[in-house]
Amino acid sequence: MSDHAVSLSAPSPSINADAWGPSGPKPRHVFSRRNIFLYGTLILVALYYLLPLYVMVVTSLKGMPEIRLGNIFSPPLEITFEPWVKAWSTACTGLNCDGLSRGFWNSVRITVPSVILSIAIASVNGYALANWRFKGADTFFIILIVGAFIPYQVMIYPIVIILREIGLYGSLSGLVIVHSIFGMPILTLLFRNYFTSMPEELFRAARVDGAGFWGIYLRIMLPMSLPIFVVAVILQVTGIWNDFLFGVVYTRPDTYPMTVQLNNIVNSVQGVKEYNVNMAATILTGLVPLVIYFISGRLFVRGIAAGAVKG
Amino acid sequence: MAEITSPSVSIQNLSLNYGAVSVLQTLNLDIAEGEFIVLLGPSGCGKSTLLNCIAGLLDISKGRIFIKGKNVTWEEPKDRGIGMVFQSYALYPQMTVEKNLSFGLRVAGVPKDEIAKRIARAAEILQIEPLLQRKPSALSGGQRQRVAIGRALVRDVDVFLFDEPLSNLDAKLRSELRVEIKLLHRKLQNTMIYVTHDQIEAMTLADRIAVMKGGVIQQLDAPQTIYNRPVNRFVAGFLGSPAMNFIEGQLEAGNAATFTADGVSIPLDRYEFDNDPGGGGKPCVFGIRPEHIAFGDAAKAMPFTAESAVEIVEPMGSDTLVWTKLGGRNFSFRVEAEKTLRTGDPVRIGFDPARASLFETSSGNRM
Chain A
1 MSDHAVSLSA PSPSINADAW GPSGPKPRHV FSRRNIFLYG TLILVALYYL
51 LPLYVMVVTS LKGMPEIRLG NIFSPPLEIT FEPWVKAWST ACTGLNCDGL
101 SRGFWNSVRI TVPSVILSIA IASVNGYALA NWRFKGADTF FIILIVGAFI
151 PYQVMIYPIV IILREIGLYG SLSGLVIVHS IFGMPILTLL FRNYFTSMPE
201 ELFRAARVDG AGFWGIYLRI MLPMSLPIFV VAVILQVTGI WNDFLFGVVY
251 TRPDTYPMTV QLNNIVNSVQ GVKEYNVNMA ATILTGLVPL VIYFISGRLF
301 VRGIAAGAVK G
Chain B
1001 MAEITSPSVS IQNLSLNYGA VSVLQTLNLD IAEGEFIVLL GPSGCGKSTL
1051 LNCIAGLLDI SKGRIFIKGK NVTWEEPKDR GIGMVFQSYA LYPQMTVEKN
1101 LSFGLRVAGV PKDEIAKRIA RAAEILQIEP LLQRKPSALS GGQRQRVAIG
1151 RALVRDVDVF LFDEPLSNLD AKLRSELRVE IKLLHRKLQN TMIYVTHDQI
1201 EAMTLADRIA VMKGGVIQQL DAPQTIYNRP VNRFVAGFLG SPAMNFIEGQ
1251 LEAGNAATFT ADGVSIPLDR YEFDNDPGGG GKPCVFGIRP EHIAFGDAAK
1301 AMPFTAESAV EIVEPMGSDT LVWTKLGGRN FSFRVEAEKT LRTGDPVRIG
1351 FDPARASLFE TSSGNRM
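If you're matching them up, the sequences are chains A and B in order. Mapping to the working numbering: the first sequence position 52 is 52, numbers consecutive. Mapping to the working numbering: the second sequence position 306 is 1306, numbers consecutive.
Heads up, some of the hints might be wrong.
Cut-off 27 Å, straight-line C-alpha distance, at most; resulting in silico cross-link-like pairs (DSS-like, lysine-lysine) [claimed, not checked]:
#1 B/K1062 to B/K1117
#2 B/K1213 to B/K1282
#3 B/K1078 to A/K135
#4 B/K1070 to B/K1099
#5 B/K1117 to B/K1078
#6 A/K135 to B/K1062
Partial list, derived from the structure: chain A residues whose beta carbon lies under 10 Å from chain B [to be verified]:
#7 K86
#8 A205
#9 A211
#10 G212
#11 G215
#12 R219
#13 I220
Which residues of chain B face chain A? A few of them, derived with a C-beta cut under 7 Å, are [said to hold, decoys possible]:
#14 M1084
#15 F1086
#16 Q1094
#17 K1325
These are computed hints drawn from the structure, not numbers from a lab. We treat Cβ as the ideally placed atom computed from N, Cα and C, and that holds for glycine.
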C-alpha cells in the first residue's frame, strides 16, 4: 500500500475511537424477524395455492376403492394411470365415448387459428394507431376500448343470429371468428401501448429511408416486438383454451372444445362419480396453458412491463 | 455569404398549427446551395418542427417548400432528396450497421453492387469500416451517431437534415464530432440544415444562423453578425455564454446621445444607431458582453469607465468571471485566469459603447 492510501484510511486525530462506527456491508441475519415474517408468508401462500393441485394429482393416481377411504391428502398406496387413460380416450360425453381426445383436437383447431388471426389483426391495428395518426384515430381507439367493457352475455344471441345467417353457426370457423373479434380490444390496446413506447424517431428514420406502412411494420417494428407478441400469445392461448361460454353456445357436440367436454364428463349425473377420472381430465385440460406459462414466463413479465407503462 | 440565386431549399410562407396552437407562423427561409444553416433556439421554439416539415414528416398547414427548385410540399420524405440524422440516432436495433446503412437503398430497390459501393464510400468517409458487421447495441454513442450520419450519406441526397445530433453525447465527444461534421460539410459541399439549442455548435458550424423563438425566425445572419449586432434583446440574451449584461435605463437625446441609469451615464456618441433614436427620455436597455469589458489599467483608455467592487468571483479555468454592480444591476466581466480578485476588492472597469447593443424596452428591438 502506498503512503497515500494509508493516510486515507488512518484515523484522523480529531476523531475519537468511539466515533468510528459501522463500516463495510451491513450485516444480515438469516433468521431475523423480518425474514421469518417475509418467507413465512410466502411459503404459506404458496402452500395454499398448491394444495388443490396436490389433491388433484394424488387423487388422479388412485383407484376408486382407495378414494372411497376418504383420505384425500394421503399419497396413493398403489399408483395407477388408468384414470388418465380413461379420461383421454374412453370417457363418455353424451353419445361419444372417445374421451377428451376429441375435445383436445377441437380445441387445438379453435385456438391456433384464433390466436394467429387475432394477433395478426390486432398488431397491425395497434401499429396503425400508435404510428400513423390517421384522422379519427382517437375516436376509433376509444370505441374499441369501450368494446372491452361490454359484457359478453349481451352479444351472445345477436352473434348466434349473425353466424346462422352467414351459415357458420355450429362450425369451428364460426367460433374462430368470434374469438378473434372478442380478443381485439385488449390486444389492440396492448400492441398500441407497446408501439407507442418505441422511439418515435425510429419510425421517422424509416420513413425518410422510404419504407411504407407495411415496410415499416414488417421490417422495423415486427422484429423489435417479440416480447409483446409472447404476451399476446399467452393471453390468447389461455383465454381461448379456457373459454367455455362461447364453446358451448356456438358449437355442436361434435365440435365441442375440451372445456365443454370436461364439463360434460365431470357433471355427468348418471353412474358413479369417478373422481380420479375427473381429476385426470381436469389436469389434462389445464395442461396447455400451464405449459405455455412455463415456457415463456420470463418473456411474459418483460412484455407486460414494456407494454403496460405508457398509456 | 453566397448570393442566393437558386436556393437549395426554399420555404415560403410556411405555417403550422395544431388546432388553435400556432407552432410556425408564416415563415420564410431561403437556403443557398452548399450552405450550412443552423436553426438555433430554446426548446419549444419550433426549430425541430420546422426541420420535420422540411423532411416531410409533418404535414404543414400553409405555405410551400421547395428543394432544388422542386415543389415538394406534398411529397413523401423519401422523394424529397433529403437525409436525416436524429438526436437518438434512431438506428434499427435488430440490423447490423451495414444493414442499417443499406436499408433505404434496399427499400428503393437499388442494385446490390451499387449498394456495396455506396456503403464502402460512406464507411470510408466516416471511418466505420470495422463496425459494419456489428449491431447498434455494440456501439458507443459517438459510433452510433457516425452510423446515423452514414445512413444519410449513402442515400446520395442534396440536403442533410440534422436534428440535435450531438445532444446525447458527452461534452468531449460532442466537440470531436462537431469538428467532424464541419469537415464532412467541407468535403461533401452539401446543403445542411442543423437544429440545435447549443450556441457553441451554432457559432462554430454555421454559415448562417437562424435564431428562432415562438415559431418565428428572430434573426438570420452570419454567426459574427448575430453575436455582435443582435437584432433584439432575446437574440442578445440567448447567444453568448456567459450572457450579455443588461442595464435598464433611458436614452437622453441631445447633441450627444447618452444612456442613463441609476447613477451611471454612458455616452453613446460612438454607438451606431440602426435608426434615428428620436426624442429623449425613452426607456431602453443597454447591453454589453462580459468579454468586451476592460479591467484595471486597460479600462482607463476606454470611453466609459466606472469604479465598483467585486461581489463574486467565478473561476472557469481558461478565464474568470467577475460579478460586480453597475447601474444597480448585477454586472459581469471576464478577466484572465491569472488575475486574483477577492470579494470586496475595488475594481475599475471600462468599455467602448461602440461594441454595446441598445434595445428599446417596449419592443425589445435594437435601436
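How the hints compare with the structure:
1. With a C-alpha separation of about 40 Å, the suggested pairing of B/K1062 with B/K1117 is violated against the 27 Å cut-off.
2. Taking the CA atoms of B/K1213 and B/K1282, the gap is about 26 Å. The hint holds against a cut of 27 Å.
3. A C-alpha spacing of about 22 Å is found between B/K1078 and A/K135, which places the hinted pair at or below 27 Å, so the restraint holds.
4. For the hint linking B/K1070 to B/K1099, the alpha-carbon distance of about 30 Å lies beyond 27 Å, and the restraint is violated.
5. Taken as a hint, the B/K1117 and B/K1078 pair is honoured in the structure, with Cα atoms around 21 Å apart against an allowance of 27 Å.
6. For the hint linking A/K135 to B/K1062, the alpha-carbon distance of about 18 Å falls within 27 Å, and the restraint holds.
7. For A/K86, the suggested interface contact is broken, since its CB lies about 49 Å from the closest CB of chain B, more than 10 Å.
8. Against a cut-off of 10 Å between C-beta atoms, the interface hint on A/A205 holds, since the closest Cβ of chain B lies about 4 Å away.
9. At a threshold of 10 Å, the smallest CB-CB gap from A/A211 to chain B is about 5 Å, leaving the interface hint in force.
10. Given hint, A/G212 at the interface with chain B, holds; its Cβ is 8 Å from that chain's nearest Cβ, closer than 10 Å.
11. Evaluation of the A/G215 hint against chain B yields a held restraint, the C-beta minimum of about 6 Å falling below 10 Å.
12. Below 10 Å, beta-carbon pairs count as interface contacts, and A/R219 has one with chain B at about 8 Å; its hint therefore holds.
13. At its closest, the beta carbon of A/I220 sits 6 Å from a beta carbon of chain B; the interface hint therefore holds under the 10 Å criterion.
14. Because the closest C-beta pair between B/M1084 and chain A is about 5 Å apart, less than 7 Å, the hint holds.
15. With a least beta-carbon distance of about 4 Å to chain A, the hint placing B/F1086 at the interface is held under the 7 Å criterion.
16. Hint on B/Q1094 holds. Least Cβ distance to chain A is approximately 4 Å, under the 7 Å limit.
17. For B/K1325, the shortest C-beta to C-beta distance to chain A is roughly 41 Å, which exceeds 7 Å, and the interface hint is violated.
In terms of the numbered hints stated before, the structure departs from hints 1, 4, 7 and 17, listed from lowest to highest.
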